[in-house]
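Required output: the full structure, derived from the provided sequences and hints.
2 protein chains.
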Amino acid sequence: MDDKVNLDAKFELLDGPYQPGIVGHLNNYKLQIAKLKGPFVWHKHDETDDFFLVLSGHVTIHLRDRDVELDPGELFVVPRGVEHCPEAIEEARVLLIEPDGTPNTGDAGGPMTAEPRLL
Amino acid sequence: MDDKVNLDAKFELLDGPYQPGIVGHLNNYKLQIAKLKGPFVWHKHDETDDFFLVLSGHVTIHLRDRDVELDPGELFVVPRGVEHCPEAIEEARVLLIEPDGTPNTGDAGGPMTAEPRLL
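From first to last, the protein sequence lines are chains A and B.
Okay, so the first sequence: first residue is 1 according to the numbering used here, each after it adds one.
Okay, so the second sequence: first residue is 1 according to the numbering used here, each after it adds one.
Keep in mind the hints are simulated off the structure, nothing from the lab.
The beta carbon of each residue, even a glycine, is placed where N, CA and C say it ideally should be.
It cannot be assumed that every hint is accurate.
Unchecked claim - Derived list of chain A stretches under chain B, where covered just means 3 residues or more per stretch with a C-beta under 8 Å from a C-beta of chain B:
no.	region
1	22-28
2	110-119
Unchecked claim - Calculated pairs, DSS-like style, for lysine-lysine (alpha carbon to alpha carbon, straight line, at most 25 Å):
no.	chain 1	residue 1	chain 2	residue 2
3	A	Lys-4	B	Lys-44
4	A	Lys-4	A	Lys-30
5	A	Lys-44	B	Lys-30
6	A	Lys-30	A	Lys-10
7	B	Lys-4	A	Lys-37
8	B	Lys-37	B	Lys-10
9	B	Lys-30	A	Lys-4
10	B	Lys-37	A	Lys-35
11	A	Lys-4	A	Lys-44
12	A	Lys-30	B	Lys-44
13	B	Lys-4	A	Lys-30
14	B	Lys-4	A	Lys-35
15	B	Lys-44	B	Lys-30
16	A	Lys-35	A	Lys-10
17	B	Lys-4	B	Lys-35
18	A	Lys-30	B	Lys-30
19	B	Lys-37	A	Lys-4
20	B	Lys-4	A	Lys-44
21	B	Lys-4	B	Lys-44
22	A	Lys-10	A	Lys-37
As the list claims (entries may be wrong) - Quick partial rundown of chain A residues pointing at chain B, CB under 8 Å, derived from the structure:
no.	residue
23	Val-5
24	Asn-6
25	Leu-7
26	Asp-8
27	Glu-74
28	Leu-75
29	Phe-76
30	Val-82
31	Leu-96
32	Ile-97
Take a look at the structure:
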């Protein structure tokens, strides 16, 4: 990465909800931003933890046994192998960090699978 | 990590500037918060990039050939092997991410080397 990243400016370049964009790398981890609105899909990542930091709005990370409620300035790491389903009623903005090659829908696949693009 | 992390609440548990605290892990990466005030030390990490996200205040990352000026909501990844020296005139708060075992002072060592504690 040659320069700093202004997250607000990068959000202006994003497409719709659940269409993440890559804003940089930390070693072999992609630094991604995404808008969330509505429910995502239940999925898990068997090979990696999954980092969420909420920047604006409110996000619920549904787990099979409970919900994790996240406001701005709150982060949650979904442990590897744990099924989860993010949801936001109103549009929320998040920073996501996971290894390169990690599909957004994990093991679930389907129509919400998005190839993140470099912003 | 069993629960979410409220970053503001965790900052209340920190000691002084440049005394980082670990708030969680993403695989083998430590998620750290730190207050910055004053200049740090010039150093580099030959084995890893170094992630900075400014949460409040203003941070200058001095590089040998330029300064990177960061406001809240801006991030910068110092590439591995690149000498840098963070500085904040007034207290600033940052989220730092780097592999477990990465010393805060990199190759420089010295009195500002801090063993991060789990908050």
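For the pair supplied as a hint, Lys-30/A and Lys-10/A, confirm whether the alpha-carbon distance does not exceed 25 Å.
-> holds (15 Å)
Per the CB criterion, is Ile-97/A less than 8 Å away from chain B?
-> Where the cut-off is 8 Å and the nearest Cβ of chain B is about 6 Å from Ile-97/A, the hint holds.
Are the Cα atoms of Lys-4/B and Lys-44/B separated by 25 Å or less?
-> violated (31 Å)
Does the alpha-carbon distance linking Lys-4/A and Lys-30/A stay inside the 25 Å limit?
-> holds (15 Å)
Quickly compare the C-alpha distance for Lys-10/A and Lys-37/A to 25 Å and report which way the hint goes.
-> holds (18 Å)
Restraint check, 8 Å cut-off on beta carbons, for Leu-75/A near chain B | Holds, about 5 Å.
Residue hint Val-82/A, partner chain B, criterion CB-CB below 8 Å | For Val-82/A, the interface hint is violated, since the closest Cβ of chain B sits about 11 Å away, which is over 8 Å.
Assess, step by step, whether the Cα of Lys-44/A is no farther than 25 Å from the Cα of Lys-30/B, and give holds or violated.
-> At roughly 21 Å apart (the allowed maximum being 25 Å), Lys-30/B and Lys-44/A satisfy the hint.
Have a go at the Phe-76/A hint: is there a Cβ in chain B nearer than 8 Å to its own Cβ?
-> holds (4 Å)
Proposed interface contact between Asp-8/A and chain B, which counts if any beta carbon pair is under 8 Å = Holds, because the Cβ-Cβ distance from Asp-8/A to chain B comes to roughly 6 Å (cut-off 8 Å).
Holds or violated: Lys-4/A with Lys-44/A, Cα cutoff 25 Å?
-> Cα-Cα ~31 Å, so violated.
Are the Cα positions of Lys-30/A and Lys-44/B separated by 25 Å at most?
-> holds (21 Å)
Consistency with the previously given hints fails for numbers 2, 10, 11, 21, 30, 31, ordered from lowest to highest.
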